[in-house]
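Enquirer: Residue-level listing of the chains:
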Amino acid sequence: MRMTPAVILVGVLSLLAAIALTMVYWPYAQQDRTPSEIFRARTAEEEAGRLIYIQNGCVYCHSQSIRAFDWDMGSERIAQSGDYIADEPIQLGSQRTGPDLSQAGGEHPDDWHIAHFINPRYTRPSSLMPPFEWLGTERIDTLTRYVQSLGLKAADRRMERQKHWKAESIKAYEAGVEANARWLAEQVPEGWRSIPNPYPTSAAALQRGHRIYQYYCIGCHGPIGDGMGPAQPWIYPPPLNFTTLTGREISGGIIYYQLMNGITGTAMPYFKRDLESQKIWEVGDYIAHYFINQSDANHEPRGIDAAWEP
Amino acid sequence: MSPAEESTAHGNQTAKAFTLTSAMWFAFATTFGMIAAGYLVAPDFMANVEYIHFGRVRPMHVNAVLFGFVTPGLIAAAFYYIPRLLRTRLYSERLGVFSAVFWNISVAAGMAGVALGYSQGREYAELPWLVDIMIVISFGLVIVNFLMTIRRRTEPILYVSIWYAAAAVVLTACTYLLGNVVWKPDTGALAGIPDAILLWFYGHNVFGLLLSPMALAVAYYVLPIATRSPLYSHTLSLIGFWSLIIVYTHIGTHHLLQVPVPTWLKTISIVDSVAMVIPVMVFLINIWYTVKGKLGDVHADIGAKFIFTGTIYYFFVNIQGSMMALPDVQRITHFNNWVVGHAHMGVLGFAGVTALGGLYFILPRITGRPLHSRFLADFQYWLVLIGITGFSIVLTIVGLIQGQAWYNGETLYRTLPGLQPYFITRLSLGLLIMVGAYTGLYNVARSLYFNRGAAA
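If you read the sequences in order, they're chains A and B. Read in this note's numbering, the first sequence has 55 at position 55, and its numbers run on one by one without any break. One gets this note's numbering by counting positions in the second sequence from 1 and adding 1000 to each.
No wet-lab data here; the hints were simulated from the structure. Even for Gly, the Cβ is constructed at its ideal location relative to N, Cα and C. Only true hints are included.
Using C-beta positions, here's what the derived DEER-type ranges look like:
| hint | chain 1 | residue 1 | chain 2 | residue 2 | range |
| --- | --- | --- | --- | --- | --- |
| 1 | B | P1421 | A | A6 | 54 to 62 Å |
| 2 | A | Q187 | B | I1319 | 54 to 62 Å |
| 3 | A | S14 | B | N1048 | 51 to 59 Å |
| 4 | B | R1331 | A | V7 | 40 to 48 Å |
| 5 | A | R40 | B | Y1442 | 53 to 61 Å |
| 6 | A | I224 | B | Y1442 | 48 to 56 Å |
| 7 | A | S14 | B | H1234 | 17 to 25 Å |
| 8 | A | Y270 | B | N1048 | 28 to 36 Å |
| 9 | B | V1101 | A | P223 | 52 to 60 Å |
| 10 | B | I1393 | A | I78 | 31 to 39 Å |
| 11 | A | A17 | B | R1151 | 22 to 30 Å |
| 12 | B | R1094 | A | V7 | 24 to 32 Å |
List time: in silico EDC-like cross-link candidates among lysine to aspartate or glutamate, alpha-carbon distance up to 20 Å:
| hint | chain 1 | residue 1 | chain 2 | residue 2 |
| --- | --- | --- | --- | --- |
| 13 | A | K166 | A | D110 |
| 14 | A | K272 | B | E1410 |
| 15 | A | K153 | A | E45 |
| 16 | A | K279 | A | D72 |
| 17 | A | K153 | A | E88 |
| 18 | A | K153 | A | E46 |
| 19 | A | K163 | A | D111 |
| 20 | B | K1184 | A | E47 |
| 21 | A | K153 | A | D110 |
| 22 | A | K153 | A | E37 |
| 23 | A | K279 | A | D305 |
| 24 | A | K279 | B | E1410 |
| 25 | B | K1266 | A | D32 |
| 26 | A | K171 | A | E186 |
| 27 | B | K1184 | A | D87 |
| 28 | B | K1266 | B | D1328 |
| 29 | B | K1184 | A | E88 |
| 30 | A | K171 | A | E160 |
Selected chain B positions facing chain A (Cβ under 10 Å, derived; list incomplete):
| hint | residue |
| --- | --- |
| 31 | E1050 |
| 32 | Y1118 |
| 33 | G1121 |
| 34 | E1126 |
Sequences and hints are given; from them, build the entire structure.
Expert: Structural data, given as structure tokens:
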């Protein structure tokens, strides 16, 4: 084959044209533009927040692309093409240094996000995200509106729930320490309230609980459990001061349930995705032992002791 | 003609200008990369300096590497070998120098745009609309010079390097316009899933239709000369060229295997990703057989040494790439640092190292004097080689840790504390590469402008 300039140029350009037509234009022309059941248009403020998201390269660490085999945040909703029809540009992302944000809307209340943007380690001590305090209050608020819209109609449902329980939890907090502790306990289903912590307290378990506390809890509740972690100034109702729970009949089961499920409406997230059962019991006992100064670990009823227990 | 006379006869201002461009942006780009890697080790590091925040400095790093360092480096070599292979003079050195100056202004404008927050937020297509136009004009100026030189050739036969260089710049000008959606200046994007399909068609073609062919062209030119051996096979050159153009353009959707795009498109991208072994192995067989038994000659020429090393990375990165397109493999490797390792192996290990080899091969020939320091060039070779090999290992390990943990149901937060030691190692390896880049810049600048060596 004799390679002349004409052969090269005409050859490669016609190949490119044919391939671009089949590999890009055809799927574009055949695209299904039907909105999915969670789709809605974004508000002007959410679009403005999305622009901040785009221009500051959030996409390099946060995908918006939930796959059939994902477990983490948002994995209840496997992505469909109809979710993305208004995304220009689409922000699927290629890396997860942080969690996928497809369904981030309504996972947390606004105050959690504000504290998190000021410094991500305030609410998530092991986060690798750089702080965004330099965006300033106004842009952080706008960006928060976009993040709270992620998931569109599904996010709206979660935000309704956040707003409802935000009002309830503020009411309980403002009613005083006693009433707040009672309200917190009452939100836990009956069966859980009477369960003591089934694991015995031991030096090793407290060490493990301490480590979990440092990775997950210290940003809000602080190193001595008084609710004065660095996130505290941005959060309302403020992080719980565990030392106020002494003598208020807080069982291991109540603590476990609240750590597992979180308290929607407050900045307290659920930890059931991050932590397995034993880790939740042990960090719960760490809190009970050191901060509440009352632990019911291994009290009756406790059933048959597990084989490994001392 | 002696090298000195030969260099004067050609002028070579264009090749010199692109050589300096490449060496300079290699230093800048690795500096941006170090800043980005620093954030992963200590996220509060320079936390409130808006313009180099992680989300801005990362695209600055990527675009500076692609369009500042690697492409101009490979173009510098092309401006040297094209007139020589065609037995003519470059069409216009003035146009060439102008294109190099304009190229630098374009890349610098792109950096400023992204730093100031005008990124269009599409990976590899971040640069703002105005810069997109400037980049295409830059390519256009180079194309004019290449094609007009081909037109005035006195050598009737076009060597394989010419095919690749001409095809690469022409095709990239097209895919750049297409991929950056320049007909929509406000967003520079399509809406929804087709935007992702177009983006990865373009993004992968930056590698497939620009860096790879330009780098292969340099290898095809330098290695036979350095080893004083004829090219092993013209037929393999032909098969390698056409199969590269056909296969590479089909595989972009392998970035979207876990996304709701049409299944037929995924199937084509997987099949063609595996088929990438054809152009890759055809080239490698051709070039490795050419230099067979002549590794001493390769070693003796610092340019050839870089370029031969690049071919080894070309082998690894492409075999790995074919594997990564398999859905079962990708369930573990997608979305994590495995892919970052892969990208560094391709862009630095293969294309970047080849570009450096091209620079060192042409420098004595365009200046008519020996390289300022062969020692510094060797020193840079080892810094870059240790750095990139370390990157490949460390980032692959990080990727496996992340991918396995996620697949087994651990949340992302759980994996973060364990990544710290690897990110520190990666930062240290990055330091080697950055020192290598500055060493190279010094050596190139000395060789071009302050070379006290006697004219050869």
